[in-house]
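Residue-level listing of the chains:
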Amino acid sequence: MAAARSLSPEAIVEELRISRLRGRGGAAFPVWKKWQVAQRIRSEQKYVVANADEGDAGTYCDRMIMEGDPFRLIEGMLVCARAIGATRGYIYCRYEYPAAARAMRFAIQKAREADLLDSDDYSFDLEVVSGAGSYVCGEETALLESLEGRRGVVLAKPPYPAESGLYGKPTIVSNVLTFATIPNILANGGAWHASLGTEGSRGTMAVQLGGRVKQPGLIEIPFGLTLRDILDRFGGGMAAGSRFKAVQIGGPLGSLFPESQLDIPICYDAFAEAGAILGHGGIVVYDHETDMVELARHFMAFTADESCGKCTPCRIGSVRGREILERIQSGQGTAEDLFLLSDLGETMKATSLCALGGRAPYPVLTAIEHFPNEFRSKLSAFSSQQ
Amino acid sequence: MRIRNKTQLAETLETCRPALLDNPNILKALLAIQSARGYVPTNAIPQIAQVLGVTEAQVAGVLSYYSDLRTQPPGRHLIRVCMGESCMANYGARVFRAIQEYVRMTVGDPTQAKRFTVEQMSCAGNCALSPTVMIDADLYGRVTPSGVPSLLEPYR
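From first to last, the protein sequence lines stand for chains A and B. In the numbering used here, each residue's number is its place in the first sequence (first place is 1) plus 633. In the numbering used here, each residue's number is its place in the second sequence (first place is 1) plus 7.
Please note that the accuracy of each hint is not assured.
[To be verified] Lysine-lysine pairs mimicking BS3-like chemistry, simulated, CA-CA at most 25 Å apart: (1) Lys13/B <-> Lys802/A; (2) Lys13/B <-> Lys121/B; (3) Lys943/A <-> Lys790/A; (4) Lys35/B <-> Lys943/A; (5) Lys35/B <-> Lys13/B; (6) Lys943/A <-> Lys802/A.
Please keep in mind that the hints were generated in silico from the structure rather than gathered at the bench.
In isolation and in its complexed conformation, chain A is listed as follows:
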């Protein structure tokens, strides 16, 4: 913040441009572009919103930041407020994180008492707001709807929140980890941040290792390490009695990787090329006991539960997908069902409004792609000849 005070709002955005920081929530949008849009719009009221609706199963770094280093988030939001000229901020914290919400409220209180939120030339009003258990509220337009107290339904973009967000005002919505990275960038300079990582993915990534590894946990790595590196060096290999089967990256919408694809480097470009996402950096390892058909059904059922219902491909598609997988599970599926599933998946990918419907088919289709025998062996005897 000390560094930010000596910089003009334009210079802060310039520093972020040099840093090449991309949003850490999942969409990986260049942060400076968003800020510049909000900065250039004249409005009597602008907002800064931290997305702490860390809904991806397998991720917890936002919770760790809020519970362990809440001032880092506050500082990042203050810098953003200064850069775009916002006077109000909200931290949208999921209902499942009562301890994080408590820690944040306490930290905000302390910051206010220390006059860090207000000074002669600016004032910033910051508040923690609780969600109520909706996964899709991690999508920025749904989050803003929820923040206004309505159903967390996804809206079509444009307009983007940076132009017209909360109550129709310019709003920067960023992930907790994105804001938490900003104090370091300003303290060390954008060039320092850009010197870490790979061509398209500068800086570091907090990956959260879970599932059947010996040593699960939160690790911060420079982009570019391979998936195998992470599992072996940091995860310590598989947990006792477990053999590797697959690993999923990017939460419930992330693709599954088999053993043969573990040499993929952790960076946005390599993952985009492989049709996968890094998402929020959750890595979950499944062992030999995992039933891939049940796992695929779990993912489709999750999307069916969490779909906001706004667009048809997601609302109907996820339910149909779950039904097909249940049919296969009960031994009544046919080879045609597998075609149907892949056709349905392609439709959902192409036509859904947001990433929930658009990404939901990936874990299911990659499960079928890498473990076809598990699905085929469950098909009804009549069709297995086809």
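Guided by the hints, dock chain B onto chain A, whose structure is given.
Then chain B, alone, in the frame of chain A:
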């Protein structure tokens, strides 16, 4: 008791009444009611709508949308078993079955009535310590099916 609940509801609602020119916040009001009473009774929808200056349909819409808003009173303790991917990978489903079994065994005992409500949750963010069970606001990691009775015993 009923009357007391009614005044209590009115008092909670009063704190949510939007100031002049302010936008009403339905979700915030429903969360406030739930935190005061443990749930949001559906028969309070007209009153909520009236205080907030919105339609009953809008209130009902928000109430039914969010899975953490409940319209039935929960048991004395709310057990939420994490069904996130990391907990799934670590056999969380077995823990869920063990908890259901334990709760079912105690159902016949009248002193145990309303003791527990058991639910699944999508992720508690405790993935490095999977599988996870959340009881009220307490988080427990590395729960095993055989450890379930001693885990639940203190929650009377």
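Against the 25 Å threshold, does the CA-CA distance of lysine 35/B and lysine 943/A hold or violate the hint? holds (22 Å)
For the pair we were handed, lysine 943/A and lysine 802/A, check the Cα-Cα distance against 25 Å. Holds, at roughly 23 Å.
Hinted pair, alpha-carbon criterion (25 Å max): lysine 35/B, lysine 13/B. Please report holds or violated. holds (19 Å)
Verify the proposed pairing of lysine 13/B with lysine 802/A, using a straight-line Cα cut of 25 Å. violated (38 Å)
Is the Cα-Cα distance between lysine 13/B and lysine 121/B 25 Å or less? holds (22 Å)
Need the status of pair lysine 943/A, lysine 790/A: alpha-carbon distance at most 25 Å? Judged against 25 Å, a Cα distance of about 13 Å means the pair holds.
Comparing the model with each numbered hint stated earlier shows that hint 1 is the single one that does not hold.
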